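Residue numbers (the numbering used here), protein chains in the order written: chain D, 1 to 109; chain A, 110 to 408; chain B, 409 to 791.
Where hints are given, some of them may not hold.
Keeping only pairs whose Cα atoms sit at most 25 Å apart, straight-line, the calculated DSS-like set for lysine-lysine is [unchecked claim]:
id	chain 1	residue 1	chain 2	residue 2
1	B	Lys630	D	Lys15
2	D	Lys79	A	Lys335
3	B	Lys630	D	Lys18
Computed footprint of chain A on chain B; a stretch qualifies when at least three of its residues, placed anywhere within it, have a C-beta under 8 Å from a C-beta of chain A [claimed, not checked]:
id	region
4	451 to 458
5	489 to 500
No lab work stands behind these hints: they were computed from the structure. Since we're looking at a predicted model, the values are computed, not measured. Glycine residues also receive a C-beta, built at the ideal position from the N, C-alpha and C atoms.
Here are the chains, one letter per residue:
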Amino acid sequence: MKPWKPDIDRKMVFKSVKEYPPMAVSLYTMMFNKTGTWRTVRPVINYEKCVYCLMCWKFCPEPAIYLEPIEVKGKERMKPIIDYDYCKGCMICAEECPVKAIEGVEEER
Amino acid sequence: MEGGEGMRLPLPEREVMTPGHLACQGCGAALTMRLALKALGPRTVLSIPACCWSVIDGPFPHSTVNVPLFHTAFETAASTASGIRAAFEILGKEDVNVVAWAGDGGTYDIGIQALSGAAERNDNIIYICYDNEAYMNTGIQRSAATPLGAWTTTTPVKHPKSEPKKDMVSILAAHRIPYIATATIAYPEDLVRKLERAKETKGTKFILILSPCPPGWKTRPEDTVKLSRLAVQSRVFPLLEIENGEKWILNMNIKKPVPVVEYLKPQGRFRHLKEEDIQRIQEYVDKEWERILKRCGLA
Amino acid sequence: MRKVLMGNHALSYGATLSRVQVIAAYPITPQTQVVELLSEIVADGKLKAKFIRVESEHSAMAACIGASAAGARAFTATSAQGLALMHEMLHWAVGARTPIVLGNINRAMAPPWTIWTEQNDSLSQRDTGWMQVYCQNNQEVLDSVIQAYKVSERVLLPTMIVLDAFVLSHTYEVVDIPEQEKVDEYLPPYNPPYRLDPDEPHAFGGLTGPDGYFELRYIIEKAMEESREVWRETGKEFGEVFGREYGLTEEYKTGDAEFLIVASATIASTARVAVDVMREKGKKVGLLRIRVIRPFPFDEVRECLKGRKKVLVIDRNVSFGFGGIFYQEVKSAMYNEEHRPPIFGIITGLGGRDVRVEDIMEMVEDVERREKPEDIIWKGVRV
Numbered sequence: 001m002k003p004w005k006p007d008i009d010r011k012m013v014f015k016s017v018k019e020y021p022p023m024a025v026s027l028y029t030m031m032f033n034k035t036g037t038w039r040t041v042r043p044v045i046n047y048e049k050c051v052y053c054l055m056c057w058k059f060c061p062e063p064a065i066y067l068e069p070i071e072v073k074g075k076e077r078m079k080p081i082i083d084y085d086y087c088k089g090c091m092i093c094a095e096e097c098p099v100k101a102i103e104g105v106e107e108e109r
Numbered sequence: 110m111e112g113g114e115g116m117r118l119p120l121p122e123r124e125v126m127t128p129g130h131l132a133c134q135g136c137g138a139a140l141t142m143r144l145a146l147k148a149l150g151p152r153t154v155l156s157i158p159a160c161c162w163s164v165i166d167g168p169f170p171h172s173t174v175n176v177p178l179f180h181t182a183f184e185t186a187a188s189t190a191s192g193i194r195a196a197f198e199i200l201g202k203e204d205v206n207v208v209a210w211a212g213d214g215g216t217y218d219i220g221i222q223a224l225s226g227a228a229e230r231n232d233n234i235i236y237i238c239y240d241n242e243a244y245m246n247t248g249i250q251r252s253a254a255t256p257l258g259a260w261t262t263t264t265p266v267k268h269p270k271s272e273p274k275k276d277m278v279s280i281l282a283a284h285r286i287p288y289i290a291t292a293t294i295a296y297p298e299d300l301v302r303k304l305e306r307a308k309e310t311k312g313t314k315f316i317l318i319l320s321p322c323p324p325g326w327k328t329r330p331e332d333t334v335k336l337s338r339l340a341v342q343s344r345v346f347p348l349l350e351i352e353n354g355e356k357w358i359l360n361m362n363i364k365k366p367v368p369v370v371e372y373l374k375p376q377g378r379f380r381h382l383k384e385e386d387i388q389r390i391q392e393y394v395d396k397e398w399e400r401i402l403k404r405c406g407l408a
Numbered sequence: 409m410r411k412v413l414m415g416n417h418a419l420s421y422g423a424t425l426s427r428v429q430v431i432a433a434y435p436i437t438p439q440t441q442v443v444e445l446l447s448e449i450v451a452d453g454k455l456k457a458k459f460i461r462v463e464s465e466h467s468a469m470a471a472c473i474g475a476s477a478a479g480a481r482a483f484t485a486t487s488a489q490g491l492a493l494m495h496e497m498l499h500w501a502v503g504a505r506t507p508i509v510l511g512n513i514n515r516a517m518a519p520p521w522t523i524w525t526e527q528n529d530s531l532s533q534r535d536t537g538w539m540q541v542y543c544q545n546n547q548e549v550l551d552s553v554i555q556a557y558k559v560s561e562r563v564l565l566p567t568m569i570v571l572d573a574f575v576l577s578h579t580y581e582v583v584d585i586p587e588q589e590k591v592d593e594y595l596p597p598y599n600p601p602y603r604l605d606p607d608e609p610h611a612f613g614g615l616t617g618p619d620g621y622f623e624l625r626y627i628i629e630k631a632m633e634e635s636r637e638v639w640r641e642t643g644k645e646f647g648e649v650f651g652r653e654y655g656l657t658e659e660y661k662t663g664d665a666e667f668l669i670v671a672s673a674t675i676a677s678t679a680r681v682a683v684d685v686m687r688e689k690g691k692k693v694g695l696l697r698i699r700v701i702r703p704f705p706f707d708e709v710r711e712c713l714k715g716r717k718k719v720l721v722i723d724r725n726v727s728f729g730f731g732g733i734f735y736q737e738v739k740s741a742m743y744n745e746e747h748r749p750p751i752f753g754i755i756t757g758l759g760g761r762d763v764r765v766e767d768i769m770e771m772v773e774d775v776e777r778r779e780k781p782e783d784i785i786w787k788g789v790r791v
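Make the full structure from the sequences, and use the hints.
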């Protein structure tokens, strides 16, 4: 399961001073901002090649990769899953993957 | 660091920071914050001066870090943090990390006075400088952290940076603070270990984290982690710790260094360098490395 | 308890009684005694506070802002160059809505070097959003610190308590030091609506575009407007609890006055003596002392100046290229009023040049001789 969930679906613009806090304080997260739209290339994990080393998860700057427990050949592993709502397509994950299990696919726009 | 039954993760699992923020694709500073918050945990208060993170965190009324964050003036990361810590002490709030989180501009240049003041007083703060080696937020201008020979908008190709990188680590060591460390994103376990150690230490802690910047270094976004690894492997950015300003510990003694040209080649900001410039940089790196070895008692 | 105190120590006692929790200050003549006494009081354990010996005034204000944002009552003191160095952070304290109280010893700006009194340092900051209280005696200095915390924490705007260098800061006067229990009744603990707290995380001061910033400015101005009534209310309450009442202004023998002097700080207390002397000679003269200049006391000024024959505003400051600052502001406040009197302004006492009772009487005579006001009239300069 994704460890994050948006609390609001768009940037908040208060309609009047009555709604404002007394100073500029944050009241919401940035998760309304689905940065997946920034992508020109989409990283795709080939789970047949994946050795579950979690390099991709370690190095994602967003984070846009989350983990789910899985059983692989009778062993407990964590499976990295890319959240395409937020993945900006930087491809660090692909570059760092030691077994080249992540491929870049051109986004169709 | 458990995840699943009997499964050990290389880093703390919990994501304190959530996505949707405004960092560029492949931003070293974003990864630095993500890793740092994993190490420090949610009971952390950030004092952030003008820098890329002033924007990355998101506009009012939004924030991406999910911890208390005080945006403050450019030169005041350390002095604001000192005030925050004093308040928590008098209010009896002990179990909170007070962290000044600044770029290289706000640390090496305009912020150095406040940092020196806090260090001299040994205020109980963790000062983290995420170093992308220029004033990136304002469009890639040169700072004292910009390395020798680099292009920036104020050190154009006809006049690249003629001074070497300011040695902040030695400056802080001279303040004899309890703990100093260098780290970078290619070695996340090392980074986390050092921040956890800083958490447990009382007094002023200074952590310098090399954070490559694709638009500023003119590099491909996917190379960000690779470049920080090359920086260490070429001896340009030694990973070390200093205790009480006196005991220097080299975490990775790079016995077979990568030639510095391999580190410089993928970076557009060094594209203008000629053979003799690269040679000069290699000599400088070699000399600095000898100095570090001596300091660490490994010469 | 009554003690003979210098103005600076009155500030220290005011801060101590207000139970300030974080003090961050840097020394500058003639403020040093404020923080010296406070550091002793803290070291003796008489005040439970953290004293940060910062390395500059800019850092002093930054540390106070951080501390206040984290939920502590913060205090600092400075003067002239130090206040000027803090300027960027003075704006920050207002935007961040941190109710800090600062003691400013009015000292003339360098160069050349000087340590004597003039109001330019604090008046240069009048656009920042800080509330400003000009004191005429050391009792008022002590009392105003306590009242200022009450007002500031209610409206979430910082206040500077201003006193003249040497004339007040280093002059010893009898001051009644209130009992801590009474002050605790009057001034509740600081409890901001938002603070730095891991249990309730917020980012303070995030990037705000044209779609959001305007309202934040409006909100600050509304807080300033609200503060006028809060100053009046808390000033009255001060009278009830401590026996000394304070307003935004103070009037002396204004009832039937045809000639009105408007002044502030210690020039006002000298003017009070001049008023008595002139009254004895049969002149119908009165004094309006402006105590709080930000927020500007429009109602009090308009009410008091209405229908006078002549008004003289005395300034111990000058806005180069325009003239005396209190003069400008009083004139502008009266411009649209129906029964506005002719208003004259005189600049005097800059750089600490002494202003005596005779000088004030001469100023009044000078103005009486004039038919029309001028933009600048000087008194006491050797031209």
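Numbers of unmet hints, in rising order: none
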